[in-house]
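Peer 1: Starting from the structure of chain A, add chain B where the hints point.
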Amino acid sequence: MKSMKKLIFILILIVSYTFGTQVSSAQLVKAVIAVTGNIFDAVTKEPVTALLIIQDENGKKVNQTRSNSAENGLYYIPSLSPGKKYFITVNKPNYFTDKFEIQLANSDKYNEISRDFLIKPKDKGVKIPVPVPPFEANRSKLRYGAAELLESFTNTLKSNPDVKFQIQCYPDNTLDKNKNQTITDERCKAIMDYFVSSGIDASRISLKGSSTTDPKNPPPTQKAAKGKRYIGPTYIVVVDF
Amino acid sequence: MRRTLWLFSAFLAFLVLFAPLQAKKESKKLNYKMITVGKHDDEVLAVFVNEDNTKVASCSLDETIKIWSIPEKKELRTLKGHLGPVNSISFSGNDKWLASGSNDMSVRIWDVNTGQQLSVLKGHTAPVIGVYFSQDDSCTFVASTSFDKTVKLWDIRLGSEVKTLRGHTEPTNNVAYSYDGKYIASCSDDKTIKIWSTDIHTKEPIMTLLGHNAPVLTCLFNFESKLLASSDMEGVIKIWEMPSGKLLRTIKAHKELIQDVSFSEDNNIVSASLDKTVKIWDSKTGDNLMTFDTGVEIWSVDLVSDKSTIILGCADGTVRFLIKQK
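Line by line, the protein sequences are chains A and B.
This note's numbering puts the first residue of the first sequence at 278, with every later residue one more than the last.
This note's numbering puts the first residue of the second sequence at 31, with every later residue one more than the last.
The shape of chain B in the complex, shown without the other chains:
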C-alpha cells in the first residue's frame, strides 16, 4: 500500500515538474514575430500563397490586387481592373495565373508574371465572393461562388462558364477545389457545405454537410484532399473527413467570426478572426498549438506550407507576416 502511494506521488511529481517544460518546449517551437510588409488603401479581404511558396497575392476593398515576394518581403506589383471590392483570389496550381472575384460580379484571370489581365468572366448576377483555381497540371478550371446562391465552374480556355451548380438556399460564401481535382466544396449563409463533382455533366451535389449553427464563411481541403476544414460566423471550426463527409471535430476557436482558415503540410490548421488573434490547431487532437494576438482585425490568412511564415490580410489595410522564430 505504501509502495503504491509512493509510486503515485512520484508520478504526480513528474507531471507537475515536467509537463510545463513540455508545454514550454511546444510553445517555443511555435513562436512568431509579426512584421508589416505593406499596405492597401482599404481592408485586405483575402490572401493566397502560391504553390512554390514564393509569392502571396492579396486583394482588397480598395479594388486592387497586390502580389508580394515572400522571401524578399516586398510588393512586386499591383493589378487594377475590377470595378468593385475584390473579395477573393487564387493562384493556379502551376503558379502562372491568378483568378479574382469581385463585387462587380466578374471573375478575372491575370498573368502572374506580367500583371496583364487575360480575361473577364461574366455570368454571376450578384457579387462574386469566392474563387478557387483547379490545382491540377492543366489548371483549366476556376470555381466561383456568389451572393446569387450559385457555384459556377469556368473553363479558362473557352472563357466561359461550363456549369452552374444550384442547391444552396442562401448566398454562397466561399469555394475550394480539392487538390486531387475531384471535388469542389462550397459554403453558404444557409449553414451548409455542399460537395460537388468536378465532372462537367454532374450538377447535383454529392453530399451536403450539416452541423454548423451559423452561416459558414469558408471551407478548404488539405493537401491530400482527405480533410475539409470549415469556419463560421460564430467562431467555430469544423473538421470533416473526406470523401466520407464524416464530422471529425468541432472547435470553438475564436470569439468573433472566422473568415478564413488554412492548412499546413502537416495538417495543422491556422485560423484568423475579427477577434484579432491568429491560432494554430492540431487537426488530429483539436489542441490549440499557438495563439498570437495581432491587435488588429484579420480577414484572411494563408501560410508557407511548413508554417515558417503566416500571412495575414488585415482590416487596417496591412499585409502582415508572422515569421517563425528559431
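If we strip away everything but chain A, and leave its shape as in the complex, we get:
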C-alpha cells in the first residue's frame, strides 16, 4: 500500500513536470516576433539581394539572413524577442553598409511585423536623393526637424570616413536664375554646416547649387494632386572613396 502511494506520487510528479514543460514551451514558441520586408536600392528602387546581420542591443549577433532580389528583395527574420531592440546591418558589395534599428513591441503572442529598407549604392558619381527635402519652399534655412530627415545620411557618412561627396541642390521654380543660384548655394552650405556639426570633416564635402531646376525631376507644369507640392530636390553625390 505504501509503495502504491509512492508510485502514484511519482506519477503525479511526472505528469505535472511534463504538463508544465509543455506549457512553458508553448509560451516560448508563441512569444516571438518575426520581421519581414524588402530591401531596395535607394536610387533605382529596384529590389536587391543583400546580407542581413541581426544584433541585439549589446552587439551580440543573434541571426543572419539574406534578401532575395528574385522575390522583390524579400527577407525574413524569425525568432526575435518581444520588447527588445535589435540592429539590422545590411551588407552588399558596391553599397554602403547601413545599420537600421528596430524596437519590437511587447507582446504575449506570435506576431509578424513588416519593415522595408533602402540601401545606398556606393559608386563614383551616383546621385542619392534625400527622400524628404530638408527645406521649406523658397527658403534656404534648414527646416525644423531637418536632423531627423538627414539622420540616415549622417550615419552613412560617419561610418564611411573614406568617402568624399558633393551636396547638390536644385531650385523650386524657374522664375529667377540669380535668385535660384543664391538659394541653392545657401541650401548646400546649410546642409554642409549640419554635417560638419555632426562630426563629418569639412574637407570631404564639396557643394554645387544650381540656377536651373532638376532636369530629371522638374517641377509640374499643370495642377497636381495633393502631396505633390514641389520643392527642389537635394542629392548627396559620391565623388571619391
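Think of the hints as simulated: they come from the structure by calculation, not from any bench.
A portion of the hints provided could be inaccurate.
Pulled a few chain B residues facing chain A out of the computed Cβ check, cut under 7 Å [claimed, not checked]:
id: 1; residue: N117
id: 2; residue: K193
id: 3; residue: W329
By construction, the Cβ of each residue, glycine as well, lies at the ideal position given by its N, Cα and C atoms.
Peer 2: The following block gives chain B in isolation, referenced to the frame of chain A:
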C-alpha cells in the same frame, strides 16, 4: 383620336407646369449657406468628420492638424509634430484617436481629447498620402498609402506595420477601410483601384477595379460597405458595387480634378473639386441634386452623415461649413 390628342396635350401641360415645381421643391431641400469657420496658414488638404458627427479634423500644408467642434463651429486644438505637409487624417471608429499621414514619411497617432501624440509609425519610404483607421470597435489597425507604391497596415498596439501590400505600379494616392472591417481599397496613379483583404496573412489583392482613364485620387466605402465611390484627375466619379466590384455608374462630375468624395447615410455622394464647386449626387440614379459654387478651390470634403453640414478643406487655407437651410 381627338380624345387621345386631348389626353396627350393634358399630359404635356402637366409636365410643363408641375415638373419645375418638383425640381424647385428638390432644390429647396438642398439649399446651403456657406460660413468660414477658421483658417490654417496654408492649403487644407483633408477633412474628416468623427463617428458621432461632433468633431471634424483638418490637416494642411502648414504641417499642422486642427480639430474643430461642429456644433460650436470653433477650433478646439492644433496638433503639431509632423515634419512636413500633412496629407491625410482619419478618426478611429471609437472617436478616441486620430491617424495622420505626412510628406515626412510617417504615420502618427494622436489622442483626440488631449491632443497628445501617441506614436510615430515609420516604414514608408516616400510621402504618406492616405491614412484610414479601422472603423470596428477595437480600432486596432490603420491603413496607409504612399508614393512608394505600397499600402501598409499598422497595428497601433504593437506600434508596427504588420503587412505591406504591393501591386500598384505607380504611387498610391488614397486608402479606405470598409465599415464592416473586411476590406481595404487603395487607388493609384496607375488608374486602378485595388481591393485587399484585412486578413493579416493575405497579401495579394482580391481584385483590381479597372475603368478610370486618369490617376485615381480617392476611394471610399459607404456605411453599409456595399458601394465604393472613386474619383480621378479628370473630374470623373465612378460608383462600384461591393464586394462584386461591378461598375454601376460613371459620372462626369467636375471640370477639374476631384481630390475627395464622401457618402451621406442615405447614400448620396458629395464631391468637391479644384473647379471650386461642391456637388451632391444620387448614387442610385447619378442625378445631380445640388451644386454650390464656393469661389475657392477645394481639396477635401466630408459631411455630417444626415447632410445637415458639409465641411470643406480649401486651397486658401480656410475650413468652411455649408449649412443646410430649412
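Peer 1: Kindly indicate which numbered hints from before are broken by the structure, ordering the numbers from low to high.
Peer 2: The structure breaks none of the hints.
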